[in-house]
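Number of protein chains: 4
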Amino acid sequence: MRRVGFGLAGTGRMGRVHAGNLAGRCAVAELACVYDADGERAAAVAAEHGVPVATTFAELVERSEAVAVATPTGSHAELTVTAAQAGRPVFCEKPLSLDRATTVATIEAVEAAGVPLQVGFHRRFDPDWAAAAARIAAGELGEVTYFRTSLRDMTPPDPNFLAGSGGFFVDVTVHDLDVARWLVGAVAGDITEVTAHGAASDPAFAALGDIDTAVCVLRFANGALGVIDNSRSARYGYECSTEVVGTLATVRVEAPRPVEWRTPGQAAYPLARDFEERYPTAYTAELDAFARCVRDGTPPLITGRDALAAFDLASAATESWRTGMTVTVKENT
Amino acid sequence: MRRVGFGLAGTGRMGRVHAGNLAGRCAVAELACVYDADGERAAAVAAEHGVPVATTFAELVERSEAVAVATPTGSHAELTVTAAQAGRPVFCEKPLSLDRATTVATIEAVEAAGVPLQVGFHRRFDPDWAAAAARIAAGELGEVTYFRTSLRDMTPPDPNFLAGSGGFFVDVTVHDLDVARWLVGAVAGDITEVTAHGAASDPAFAALGDIDTAVCVLRFANGALGVIDNSRSARYGYECSTEVVGTLATVRVEAPRPVEWRTPGQAAYPLARDFEERYPTAYTAELDAFARCVRDGTPPLITGRDALAAFDLASAATESWRTGMTVTVKENT
Amino acid sequence: MRRVGFGLAGTGRMGRVHAGNLAGRCAVAELACVYDADGERAAAVAAEHGVPVATTFAELVERSEAVAVATPTGSHAELTVTAAQAGRPVFCEKPLSLDRATTVATIEAVEAAGVPLQVGFHRRFDPDWAAAAARIAAGELGEVTYFRTSLRDMTPPDPNFLAGSGGFFVDVTVHDLDVARWLVGAVAGDITEVTAHGAASDPAFAALGDIDTAVCVLRFANGALGVIDNSRSARYGYECSTEVVGTLATVRVEAPRPVEWRTPGQAAYPLARDFEERYPTAYTAELDAFARCVRDGTPPLITGRDALAAFDLASAATESWRTGMTVTVKENT
Amino acid sequence: MRRVGFGLAGTGRMGRVHAGNLAGRCAVAELACVYDADGERAAAVAAEHGVPVATTFAELVERSEAVAVATPTGSHAELTVTAAQAGRPVFCEKPLSLDRATTVATIEAVEAAGVPLQVGFHRRFDPDWAAAAARIAAGELGEVTYFRTSLRDMTPPDPNFLAGSGGFFVDVTVHDLDVARWLVGAVAGDITEVTAHGAASDPAFAALGDIDTAVCVLRFANGALGVIDNSRSARYGYECSTEVVGTLATVRVEAPRPVEWRTPGQAAYPLARDFEERYPTAYTAELDAFARCVRDGTPPLITGRDALAAFDLASAATESWRTGMTVTVKENT
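Protein chains in written order, with our numbering: chain A, 218 to 550; chain B, 218 to 550; chain C, 218 to 550; chain D, 218 to 550.
Hints in this document: simulated from the structure, not taken from any laboratory.
Every residue, glycine too, gets a C-beta built ideally from N, C-alpha and C.
Worth double-checking, as some hints may not be accurate.
Here are the simulated lysine to aspartate or glutamate pairs, EDC-like style, with alpha carbons at most 16 Å apart [said to hold, decoys possible]:
| hint | chain 1 | residue 1 | chain 2 | residue 2 |
| --- | --- | --- | --- | --- |
| 1 | D | K311 | D | E295 |
| 2 | D | K311 | C | E410 |
| 3 | A | K547 | B | E410 |
| 4 | D | K547 | D | E536 |
| 5 | D | K547 | C | E410 |
So these bits of chain C aren't anywhere near chain A, every CB distance computed over 10 Å [said to hold, decoys possible]:
| hint | residue |
| --- | --- |
| 6 | T299 |
| 7 | E357 |
| 8 | G359 |
| 9 | G381 |
| 10 | D407 |
| 11 | D419 |
| 12 | S458 |
| 13 | Q483 |
| 14 | A484 |
| 15 | P487 |
| 16 | L488 |
| 17 | D513 |
| 18 | D523 |
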């Protein structure tokens, strides 16, 4: 079970998310080294996770088995090609570039280098979406007749960010377009038509000639229609949900509700079958919590005394069951 | 961010859960060594995770900074004391012992050794339960007036297991009793009375003089009532839920539904505010998936070509928005 | 489809609920006459619904085909017997009496009179509960192994009411006890044991020697356990919910959520199949709304002009679909 | 509280729905007379509800205070005008006509006659939709930025029906267009643009040159976008749901779930506050059930004996609470 050491380029918001995951939560990937054009920030992230900092991207590549690129969009293509040509597999945040020719050239350079490249469309790795995709691909929906997805941010980004974002559809809608291809394309075929509408509910966006709300109608090769709606400021929260309607069943992914499957006359969602399904993180967390006690000298949350108190209560329950009488308990004996 | 190396004793079901977490998902704890009285099973688990196997418990203790005990109940107390007396912090699955005197002696021996001991009541580390506990302790419920919890297995355990389980209340109800102390005791005080009722819906349990369903009524120091119901065979799934009613608010933990807070005239549940809250595991999973590609030579799930196709669709959407016309797309260009 | 004319005795809160239903919403029953010891209040209710007022109970009986008794508890038995002996079928709010001997005497007098008597346990007539009861009786749950129900008021009643209420269990728990017999007794047999616990979270109840929270554990003839919890002040709202666990399925009635059926690994709830199921009251309400316009001379909510505007928009949609172009609309043409 | 007597023209599916409501569930409207071109069917419906049958529409008008038109679409306009010119207020199912000129002429004739006309857009009278509309109109959403609604039938209509339906958008989408004007138009202004897309997932519809699925994108005067999706065969059930996103809050109407209000970081739904809110139909149903017993001689569902049994159990609970002991009960004493 060898782990793969990643060199991480970029320590902005997404970079720091990746740093924390590589250093603490990944099972196969691990953090090997950190680089950022802002050397101080790189050093701080490296120190936080106890890994070396690289002073140049070339040094990062040198010290890593694979490279994760989470820098500003403008350098994605160049760093990806550099790493690939040095023989390093590359994970790159989307988009590769805001320019089609550069995107194609990057892909071709990576292909020529013969290393794998993965782009950061994270939604394909969420358990709910992945489960839905697998069941759709397996034919459980029959033929897809309608598709709907919403991706909405809670609050708009900094206007400075917008200038280099590539525009609303390239920055936001692209996630749903990838999902449409992956989730629905498997059974409904390629997307053949796109019709888009935009609006700026916030005058700040209108002033920039930009939009903050969009609707995109899709047509798939099998004739089915799809609708994407996107917003930069839904206000109530971050929305990322979908519905796929098929001739045999309909599925809805609408966290925090469980994934729902609809068949004639009924909506159903799966139930946990055992403690591992019900508690996917509690067993990891209890060991990490205790490891922190060991490392930092803090007291555990549940001691032997707690176990004794619970045992005494369980014994009282046993006695009550046997005698049919209420048992009075005195804790902390 | 030093990790703490755990020696794991026991490779039954819970032991293997811990092995997988220590080896792959923990951020602070890590797997250092494995031991089991069944040496072959220990070797297999050790090999799976690339760590050494210990042939004796003493060797495990020697090679570890802390020890996790997940052996059959009968050896919990002895192994805990042995490890503690060797200066190792101990994480032990519940119960420490089925015998009160042994439980007390174990606790006292660990205290004399001056090392921390944590017992495996995992529910305290689930995000939903922990959030509820924190808000209750902070007074958000006001005074607690009623408490209810259900712990139900989907299917009954092997009858062979039952003989050494300590009985229904010590084996099953003890989890809810610990939760009652932790979740409610903080504001309602100690549990002062216990009244228990049992039933055997399955004749196999009745034949053993045992029960498979129980109700346990609690009284807290503040006078509030609590009800625990437990079952070894709920059939529909694994249930682990609670409701705590207070003078200011009521909370329900009923996965897979989100935690619900009730105040006069309204029930509410929290919404994700950004992609990190909404996708707590997708960003870890995408890096692990790519690490597996790197390690094993398999192709990535999302390539540059996928990114290009999504980019082309986003460009078509931009064009449609600008022109007000439907744009025909040809994929795979 | 002859309607049955009811004489209503009692115009307190429940009496006025019945008056409104008999006068406006019942399909087979109708309001024939109203009586109350408080003649002014009776006259007001009678006038509101356009029916005669009776100055004595004897007159009410005389002018009615059946009698509904919604007076204070103390007069239930006497009025019921009087009406029955005059040959009138009687609907009586619960309880018949707070005294067992009087209850039995009342039942025997009604039986001797040969008229039907129905007591007001309304929950048996709620669609959710009735559907669950029918499916349980039909065997869809298999054998019942556990039953749980909650009845909780939002805010406590006036202390003056409590004095004549018969006590917590007779006033509140009796509803759940009836439901337990009806919903579960059909397959689990009679209730053979009762164990009750009470608490007064509000000092005002303790001062009266009364309780405001109770837990009642039941044992059914088949050995299954049941738990009732009741409260006079749940604060967040009025709770009336249940769960029945069986060997084949489990049902939960927890409005405002739809009734949920759980089978191994899955929870499901029914979906509406057509507009009548989806809109059980809208078609009635639209006709009543228009009847009010006719009667009172107020304008309708939806006029022909609204219909024309929607028609024009639908025509624009048709044109857009045919041409593939966006159609600009000018309302109010 | 005078009732308004309606003459009902048309006894097809919608006509029979109206007949049942007018005869049994309306509080202000009542059924006065029935007419249908198919005299036998009219006679059967009239007999079922105990009202006279009219042999001509003129006779129906003569015997009614108001007229409800639920005949096939082709005769809506003519009957509406005839009734209006006879001075009768008219409730007419949608559409008034499939022809714009006839629609306008009908409206003008009714206006000239000076009687009120209401068209059958029932959704405005559903409690969930009406509550959402009222709160939106009151400004609780702030400015509307996005609107989405779905209307989907479970199974397609008979092809014979389609020929005279006016086409998909006039027959189906028109409901959502009315709702868009009512629900959203109040704050977002008139609909200024419509873009529609259609698909035929079922070859039978394609063969007729018709569609069975459609998406309609709206633009409101304030710039906000809206999306309607419609289907003639969603298969899983009848869907009629909406979401309106505003700058202050977002509302979702998605029965059978309760209406949900979203504000920053939270989703909430209202809870019942008392038994009347929780049981809107049970109190009516219990009286109608008893009225049927009286009328038809069948036994009541809940007798005095049931009340006695529940009383005995409540008394046992009281005794158990007082003594702290389990009480054994013997039913049917």
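Each hint tested on the structure:
A C-alpha spacing of about 14 Å is found between D:K311 and D:E295, which places the hinted pair at or below 16 Å, so the restraint holds. Restraint check: the Cα-Cα separation between D:K311 and C:E410 comes to about 60 Å, which exceeds 16 Å; the hinted pair is violated. At roughly 9 Å between alpha-carbon atoms, A:K547 and B:E410 fall within 16 Å of each other, so this suggested pair holds. Between D:K547 and D:E536, the direct Cα distance comes to roughly 14 Å. Compliance with the 16 Å bound is thereby established for this hinted pair.
The suggested pairing of D:K547 with C:E410 holds, with an alpha-carbon distance near 9 Å, which does not exceed 16 Å. With 10 Å as the threshold on Cβ separation, the claim that C:T299 sits away from chain A holds: the shortest Cβ distance comes to roughly 46 Å. Once the 10 Å rule is applied to beta carbons, C:E357 is consistent with being away from chain A; the minimum gap is 14 Å. Residue placement check: C:G359 keeps its beta carbon more than 10 Å from all beta carbons of chain A (closest about 17 Å).
With 10 Å as the threshold on Cβ separation, the claim that C:G381 sits away from chain A holds: the shortest Cβ distance comes to roughly 31 Å. For C:D407, the non-interface assignment is confirmed: its Cβ lies about 19 Å from the closest Cβ of chain A, beyond the 10 Å cut-off. Look at C:D419: its CB is around 23 Å from the nearest CB on chain A, clear of 10 Å, so calling it non-interface holds up. Under the 10 Å C-beta cut-off, the non-interface status given to C:S458 relative to chain A holds; the minimum distance is some 19 Å.
At roughly 5 Å from the closest C-beta of chain A, the C-beta of C:Q483 falls inside 10 Å, breaking its exclusion from the interface. With a cut of 10 Å on Cβ distances, C:A484 falls inside the contact zone with chain A, its closest approach being about 6 Å. A beta-carbon of chain A comes within 10 Å of the beta-carbon of C:P487; the shortest separation is about 6 Å. Residue placement check: C:L488 does not keep its beta carbon more than 10 Å from all beta carbons of chain A (closest about 6 Å).
The non-interface label for C:D513 is consistent with chain A: the shortest C-beta to C-beta separation is roughly 40 Å, beyond 10 Å. Here C:D523 stays apart from chain A, with its beta-carbon at least about 25 Å from theirs, past the 10 Å limit.
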